[in-house]
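Enquirer: Chains as they are written, first to last, in the working numbering: chain A, 1 to 370; chain B, 1001 to 1125.
No lab work stands behind these hints: they were computed from the structure. No experiment lies behind these values; they were computed from the predicted model shown. Just so it is clear, CB atoms sit at the ideal spot from N, CA and C, and this is done for glycine as well. One thing to keep in mind: the hints can contain errors.
[What the hints assert, rightly or not] Cβ-Cβ distance ranges computed for the label pairs, FRET-style:
#1 ALA1061/B / GLY268/A: 41 to 47 Å
#2 GLY295/A / ASP1113/B: 55 to 61 Å
#3 ALA126/A / THR1116/B: 44 to 50 Å
#4 GLU1110/B / GLU315/A: 25 to 31 Å
Residue strings, one per chain:
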Amino acid sequence: MTEPQATTLFETPLGDLHRELGARMVPFAGYAMPVQYPAGIIAEHRHTREHAGLFDVSHMGQVALRGPQAARALETMVPGDVAGLEAGRQRYTLFTNPSGGILDDLMVTNAGDHLFVVVNAGCKQADIEHLIVSIGGRVGIEVLADRALLALQGPEAAAVMERLAPASAAMGFMSGRDLDIAGVACFVTRSGYTGEDGFEISVPANRAEAVARVLLAQSEVAPVGLGARDSLRLEAGLCLYGSDIDTTTTPIEAGLAWTIGKRRRAEGGFPGAEIILGQLRDGPARRRVGIRPEGKAPARAHTDIVDAVGRKIGEVTSGGFGPSLDAPIAMGFVETAFAQPGSELGLMVRGTARPARVVPLPFVPHRYRK
Amino acid sequence: MSEMRYTKDHEWLRVEGQTATVGITDYAQTQLGDVVYVELPEPGVILAKGGEAAVVESVKAASEVYSPASGEVTQANQALVERPGAINTDATGEGWFYKIRLTEPAQVAELMDQATYDAYLAELG
């Protein structure tokens, strides 16, 4: 292997298990992470769409926000309706900045006596500092550094979970609760990043390998690496922070207006509200779209998007190959005039404009539990 | 008797008289992972040793393939365009990229032979 043997990489609690399973480990957000196992990205991707894939996402940040003001305080940092989140319910939202850009995307679950928050690995230190500075004076902020996070995703994930934790069967999508799995007390949400039904399992770090082994022992389950995680989320039209969304993109440009509830639209009170709500009213100058190249050549992130006369109208932010479609797919931002499905685009790949068109997202229909 | 020769970038070249067949090694395909796309040179194109000859893309990334020797492309493996996965299953057989008529056959001797390439791979770990 030619990867540098960086001594500073963090290990998740499952590092030894990944190596035992033959994973190829790569540096990602400061962690040694499995990009694929011997089956390969395409096989792992398809296994997840057809059966159930187990992902180690322990590099992500898990934080508990405590105290009676937690929901209202968090609302000063995000445009989502957190105060209206009932106990046991989960929501996707965004940390925004004063210019309307996105600092990170996150999942928030009302866990009853606290808010359970999951943030991106690459942003977690900045997010935690941002939380402490912004609301630390009135909210207890506990970084759950001693917990691992596993994702079980795919149409057979529900059957696996029901076998191991029967109470999971009653969980709706975007809900969370305490569940025992193989005798280990876990906090489980029914959610994910693949477009499939599935669960994310927060488990004490010292029991993570035991739980992972029990899950992998189920006939439906195979280990899946970050490579397939990326192709699955891209087919599902889901944003990757740092690629599709960042401080230079607003929630409206990114097609995430649906994350801003009615009350928040009326009241504002989150960073960048004036700009974001202005774009909601007037429409943004550019939009995130799905893109299907006509040929077989993938267009990668940062590929220029041009119009019929070669003028640059945008840029690809995520691009690659969709194993479920057996075709290249991409997402990117284009001027609003080109954002309608059917719009013809050129993708500048190796100096040549290659024909492509805008298509609705997701590329592969979501199959979340109703 | 055809002999395999190798570059440090993990291309292989097999000489058959005045022509040679070019591909990427099994090590290279393992590093790439599942190959989903190839772009091959057109017959008639003149390639210089070390020049960009082809593109191979896995699910994750695109990589250039450099010509191990100078020559004129006589044939491209069109079957590979339809079934790029052959690079993963048979890198040195069905997974060949193109054939060239060698214009500077002496270049072949500058490439690594099997034993040298094996030692080079061992060094890479």
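Enquirer: Run through the hints listed earlier and report the numbers of any the structure violates, in increasing order.
Expert: 2 and 4
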